[in-house]
Every structure is written in C-alpha cells, then in structure tokens.
Amino acid sequence: MRLRRLFVEEPLAGRTELSLRGAAARHAGTVLRLGPGDELRVFDGRGGEFAARVGAAGKGQLCLALGEFFAEASAPALRAMLWQGVARSERMDFTIQKATELGVETISPVIMRRSVVRLEGERAERRRRHWQALAASAAEQSGRTRVPAILEPAPLEDLLRLEREAGHDLLLEPGAPVSLASLRHDPAENLTLLAGPEGGFDDAEREMAVAAGFRTVGLGPRVLRTETAAIVALSIAQAQWGDLR
Numbered sequence: 001m002r003l004r005r006l007f008v009e010e011p012l013a014g015r016t017e018l019s020l021r022g023a024a025a026r027h028a029g030t031v032l033r034l035g036p037g038d039e040l041r042v043f044d045g046r047g048g049e050f051a052a053r054v055g056a057a058g059k060g061q062l063c064l065a066l067g068e069f070f071a072e073a074s075a076p077a078l079r080a081m082l083w084q085g086v087a088r089s090e091r092m093d094f095t096i097q098k099a100t101e102l103g104v105e106t107i108s109p110v111i112m113r114r115s116v117v118r119l120e121g122e123r124a125e126r127r128r129r130h131w132q133a134l135a136a137s138a139a140e141q142s143g144r145t146r147v148p149a150i151l152e153p154a155p156l157e158d159l160l161r162l163e164r165e166a167g168h169d170l171l172l173e174p175g176a177p178v179s180l181a182s183l184r185h186d187p188a189e190n191l192t193l194l195a196g197p198e199g200g201f202d203d204a205e206r207e208m209a210v211a212a213g214f215r216t217v218g219l220g221p222r223v224l225r226t227e228t229a230a231i232v233a234l235s236i237a238q239a240q241w242g243d244l245r
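Per our numbering, the sequence shown starts with residue 1, numbered consecutively.
The reader is advised that the hints may include incorrect statements.
[Said to hold, decoys possible] Pair by pair, the computed Cβ-Cβ distance ranges are:
{"no.": "1", "residue 1": "Arg113", "residue 2": "Glu90", "range": "36 to 42 angstroms"}
{"no.": "2", "residue 1": "Glu122", "residue 2": "Asp243", "range": "36 to 42 angstroms"}
{"no.": "3", "residue 1": "Thr106", "residue 2": "Asp203", "range": "26 to 32 angstroms"}
{"no.": "4", "residue 1": "His130", "residue 2": "Gly60", "range": "21 to 27 angstroms"}
{"no.": "5", "residue 1": "Glu105", "residue 2": "Pro155", "range": "18 to 24 angstroms"}
{"no.": "6", "residue 1": "Asp203", "residue 2": "Arg53", "range": "38 to 44 angstroms"}
{"no.": "7", "residue 1": "Gly22", "residue 2": "Asp203", "range": "44 to 50 angstroms"}
{"no.": "8", "residue 1": "Leu244", "residue 2": "Pro174", "range": "21 to 27 angstroms"}
{"no.": "9", "residue 1": "Arg129", "residue 2": "Ser179", "range": "34 to 40 angstroms"}
{"no.": "10", "residue 1": "Leu244", "residue 2": "Arg123", "range": "24 to 30 angstroms"}
These are calculated hints, taken from the structure and not from any lab test. Here the structure is a predicted model, which is why all the values come from computation and not from measurement. We treat Cβ as the ideally placed atom computed from N, Cα and C, and that holds for glycine.
Based on the provided sequences and hints, a complete structural model is requested.
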C-alpha cells in the first residue's frame with residue numbers, strides 16, 4: 001500500500017518531533033485520515049522527504065516523529081516554467097493542479113488584456129495563496145518533493161523584462177505553422193511556456209512576446225481551451241525533453 005504524504009511549510013529535520021496544529025492537523029486527520037501509529041512521508045517542498053510515524057493525536061493537534069531522510073533521485077531533466085494568462089477560477093485551479101502533477105517548476109499568473117478576471121491588491125494575493133495551497137496538495141498527491149512556486153500575478157510586459165535561462169521560450173497559438181511536437185529534435189533543459197487566457201492574446205501582446213524572443217507554436221488542428229492548452233503543451237514537452245520519455 002502506498003504511504004500517504006503530507007506537506008508542511010516549515011523546514012524539517014530528521015530524528016525530531018513535529019507538532020501539527022490547527023488547519024494542518026485537521027488536514028492530516030480528516031483529509032489524509034491519519035491516526036496514532038500510522039506511517040507516512042512528510043516533505044517541506046525543498047526536495048526529498050522524511051519517513052514519519054503518527055504519535056499522539058488529539059483535538060486540533062497531531063504529533064509526528066520524523067525518521068530517515070530520502071533524497072531526491074535526481075534533478076529534473078527539464079526545468080519548465082508556465083506563464084499562464086489569468087482565467088476564471090475553476091480553470092486556473094485545474095491548470096495549477098495539473099501543471100504541478102506534470103513537474104512544472106514555477107507558475108506565473110499573467111494579467112492580460114483579454115483576461116476575464118481582474119486581479120489586483122489584496123484580491124490578487126488571496127488568489128495567489130489559494131493557488132499555492134492547490135499546488136502543495138497536488139504535490140502531495142503526485143509524489144513530488146518540491147512544490148512549484150506560484151508567483152505574484154503580473155502584467156505580461158513586466159514578465160518579459162525578466163532575464164530567462166537559455167532554452168525554449170514558446171507562445172501557444174492556435175493555427176501556428178510550427179507545432180510544438182516538431183521541435184522534438186531540438187533539445188533544451190529550460191522551457192518557458194506562455195499560454196493566453198480565455199480570449200487569447202491581442203496583437204500587441206503577441207508582437208511584444210515575439211520581440212522578446214518567444215516563438216509561436218501550435219498544438220495540432222483543434223482549438224483548445226486555455227486550461228487544456230497548457231496541460232497538453234507541458235505533456236508534450238515532458239515527453240520530448242523531460243521525464244516522460
């Protein structure tokens with residue numbers, strides 16, 4: 001039987017005890033159904049995980065004894081970054097969860113001209129925290145020991161000013177003459193995928209991204225929803241250059 005996995009935000013050390021309280025204890029006891037004597041794996045999102053056993057469990061509190069540390073098997077073959085145009089809540093939630101399962105390293109929500117949802121100030125930070133929690137949960141489920149960072153929502157022009165590692169910078173565009181699959185013989189260790197919101201890119205955004213070094217690529221003959229496009233692209237990329245080969 002596969003051991004249950006638990007993410008905690010605080011840095012961990014082996015041969016120590018960890019006391020969970022509040023929401024963390026409720027998640028462990030109610031969602032993961034952990035009780036005294038149960039064995040599990042615990043990770044802090046920084047790589048590797050610890051063997052653990054549940055000790056005392058009471059109302060609003062659960063104690064864990066941390067044991068042996070298990071290091072990551074190897075570094076990812078592909079460092080994938082997703083720049084996702086902000087979409088409606090359920091679509092963004094789906095994208096965050098599935099991109100985490102597919103091994104993405106960071107996700108940058110992009111505020112774009114055709115985004116239906118507008119985020120700023122405290123509302124933007126609340127959504128970012130919500131997405132970060134979804135990523136942690138998806139990492140628990142999928143066996144990852146690193147949780148992707150969900151960055152602060154930002155306009156496309158701000159992201160394009162940032163320095164990027166050498167690799168593939170790809171803008172997903174329906175009907176593009178070059179397909180992502182056709183790049184399979186052009187290996188890369190770093191990938192930045194730019195996916196538009198429900199309304200797609202406007203001409204100025206597309207031109208701005210291309211001027212900054214992005215190439216437009218397609219995903220076949222069909223027009224995909226924004227949440228589908230990002231996940232299909234990540235799957236193809238991992239199959240061509242990453243750990244799905």
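How the hints compare with the structure:
Between Arg113 and Glu90, the C-beta spacing of about 22 angstroms breaks the proposed range 36 to 42 angstroms. The given range of 36 to 42 angstroms is respected by Glu122 and Asp243, whose C-beta atoms sit roughly 38 angstroms from each other. Roughly 27 angstroms separates the CB atoms of Thr106 and Asp203, a value that falls within the hinted 26 to 32 angstroms. In this structure, His130 and Gly60 meet the distance hint of 21 to 27 angstroms, their C-beta atoms being roughly 23 angstroms apart.
Separated by about 21 angstroms at the C-beta atoms, Glu105 and Pro155 satisfy the suggested range of 18 to 24 angstroms. A hinted range of 38 to 44 angstroms for the beta carbons of Asp203 and Arg53 is inconsistent with their spacing of about 58 angstroms. Taking the beta carbon of each, Gly22 and Asp203 are about 49 angstroms apart, inside 44 to 50 angstroms as hinted. Taken as a hint, the range 21 to 27 angstroms holds for the pair Leu244 and Pro174, whose Cβ atoms sit roughly 24 angstroms apart.
Under the hint 34 to 40 angstroms, the C-beta atoms of Arg129 and Ser179, about 36 angstroms apart, fit the expected range. Range check, Leu244 to Arg123: about 36 angstroms between beta-carbon atoms, so the 24 to 30 angstroms window is missed.
Hint violations for this structure: numbers 1, 6 and 10, all remaining hints satisfied.
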